[in-house]
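Now that you have both chains on their own, put them together as the hints suggest.
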Amino acid sequence: DSGVTQTPKHLITATGQRVTLRCSPRSGDLSVYWYQQSLDQGLQFLIQYYNGEERAKGNILERFSAQQFPDLHSELNLSSLELGDSALYFCASSVGAGGSYNEQFFGPGTRLTVL
Amino acid sequence: LAKTTQPISMDSYEGQEVNITCSHNNIATNDYITWYQQFPSQGPRFIIQGYKTKVTNEVASLFIPADRKSSTLSLPRVSLSDTAVYYCLVVPPTGGSYIPTFGRGTSLIVHP
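Sequences listed follow chains E and W, in order. Read left to right, the first sequence gives residues 14 to 128 (our numbering). Read left to right, the second sequence gives residues 2 to 113 (our numbering).
Next comes chain W alone, as it looks inside the complex (with noise of 0.2 Å):
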């Protein structure tokens, strides 16, 4: 199983982009990337998927270069709204006896 590595917290500004990093060294060549943000005192929620290169929604992007041993989770101009915690997965395509592995995520703050 594929293990992330992903900073535990930052700052921003409101207004600024946001690009957080998840490194996946031992990624497996069927898995996707996933991302779910978390706001305080709720559940975490789905956000973006990837499997390769790059991928926009109306959330944020995912940037997932060549090698996959990364990816950028993106938030264009973030807003005091987007303070919450953001988790990277490594994903296999299909469940067999996956664990889904959340860890402590990464926590931003956005501040005025």
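With the rest of the complex left out, here is chain E (with noise of 0.2 Å):
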């Protein structure tokens, strides 16, 4: 066990429609960071949060966002979901802002399937 939460465990909904997916990081980390895993593209960075402000960006798509809250848990919200949304997607988080000090500790994932 990481330490680190994420919810829903599994996810079923219908292209174009909404969903929000929540982490909560490890006690003490300030960092959260989100992953998209498919069988296509591995396992690709979306974005990183820390302390409440955006502190890196990958590839993510417009129709994703996410937010750091006060209580340093973070949702990521995808919306107009398409088929190639379905994807395995996962939290991690870090005590620090990032880079090799700092390993990142996953989360279990949330399964995401879009029909």
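Check before you lean on any hint, since a few could be wrong.
[As the list claims (entries may be wrong)] Under the rule of at most 35 Å between Cα atoms (straight-line distance), these lysine-lysine pairs were calculated in the DSBU-like manner:
id: 1; chain 1: W; residue 1: 53; chain 2: W; residue 2: 70
id: 2; chain 1: W; residue 1: 4; chain 2: E; residue 2: 70
id: 3; chain 1: W; residue 1: 55; chain 2: W; residue 2: 70
id: 4; chain 1: W; residue 1: 55; chain 2: E; residue 2: 70
id: 5; chain 1: W; residue 1: 70; chain 2: E; residue 2: 70
id: 6; chain 1: E; residue 1: 22; chain 2: W; residue 2: 53
id: 7; chain 1: W; residue 1: 55; chain 2: W; residue 2: 4
id: 8; chain 1: W; residue 1: 53; chain 2: W; residue 2: 4
id: 9; chain 1: E; residue 1: 22; chain 2: E; residue 2: 70
id: 10; chain 1: W; residue 1: 53; chain 2: E; residue 2: 70
id: 11; chain 1: W; residue 1: 70; chain 2: W; residue 2: 4
[Unchecked claim] Negatives, chain E to chain W, calculated, CB over 10 Å:
id: 12; residue: 15
id: 13; residue: 30
id: 14; residue: 37
id: 15; residue: 57
id: 16; residue: 80
id: 17; residue: 86
id: 18; residue: 94
id: 19; residue: 99
Hints were generated in silico from the structure; no laboratory data involved. Don't be surprised by glycine CBs; every beta carbon is placed ideally from N, CA and C.
As structure tokens, this is what we get:
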């Protein structure tokens, strides 16, 4: 158990819908990272927040957005869902802003299925 | 940002030593080399990190030659439970706007 929690574990929805994935980092960690993992794309970095502020941005689609709240939990919002958005979504956390001194701890993931 | 190249897949048998090599030709002077392990249906977990020469912990060893253009993750006497995807990352010392690049990793299958 990494100490990072993600809800829900599974999510099944229809195309065009909007969903929200939630992540609670390890106690004391200030950074939250979001990743998407699909069979054809591997593990792709989406976005990082550090202490409430956006820190780094990867190939995150405009239909996707995220935020980190004052209690440091984070939410990833996915809208106008398409079949291709079906994937495992991981959240990770680290103590600091990132880099080699900040090991990332990953949550168990949310499996999103878009029908 | 230093790009990494590693084999897509490897096969081994229980009890053998497995070496996974990662190429990172344009690694920056202060970058570290970090490896993560991902079991099926789980999130990745950090296993080892190094800057130069050799690092060893209870899980693996990491060998980094003097030019640092490649690194080798060594798993001694693998078991079936070592079947996983292994990711090699080049990581700067501080975050900045660092983009973690995991890619597809190396899928290791250990056979009985």
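Hint by hint, here is what the structure shows:
1. W:53 - W:70: Holds: residue 53 (chain W) and residue 70 (chain W) sit about 10 Å apart, inside 35 Å.
2. W:4 - E:70: Holds, because 17 Å separates the two Cα atoms, which is no more than 35 Å.
3. W:55 - W:70: 14 Å, holds
4. W:55 - E:70: 33 Å, holds
5. W:70 - E:70: Answer holds: residue 70 (chain W) to residue 70 (chain E) is near 27 Å, not above 35 Å.
6. E:22 - W:53: 39 Å, violated
7. W:55 - W:4: 21 Å, holds
8. W:53 - W:4: 18 Å, holds
9. E:22 - E:70: Given that 35 Å is the threshold and the Cα spacing comes to 24 Å, the pair holds.
10. W:53 - E:70: Distance of about 29 Å is within 35 Å: holds.
11. W:70 - W:4: It holds: about 11 Å lies between the C-alpha atoms, which stays within 35 Å.
12. 15: Residue 15 (chain E) is in fact no farther than 10 Å from some Cβ atom of chain W, at 7 Å.
13. 30: At roughly 24 Å from the nearest Cβ of chain W, residue 30 (chain E) sits farther out than 10 Å, so the non-interface label holds.
14. 37: Non-interface label on residue 37 (chain E) holds, nearest chain W Cβ at 14 Å vs cutoff 10 Å.
15. 57: 8 Å, violated
16. 80: Per Cβ check, residue 80 (chain E) is outside 10 Å of chain W; nearest 18 Å; holds.
17. 86: 17 Å, holds
18. 94: The claim stands: residue 94 (chain E) keeps its Cβ more than 10 Å from every Cβ of chain W (closest is about 22 Å).
19. 99: 15 Å, holds
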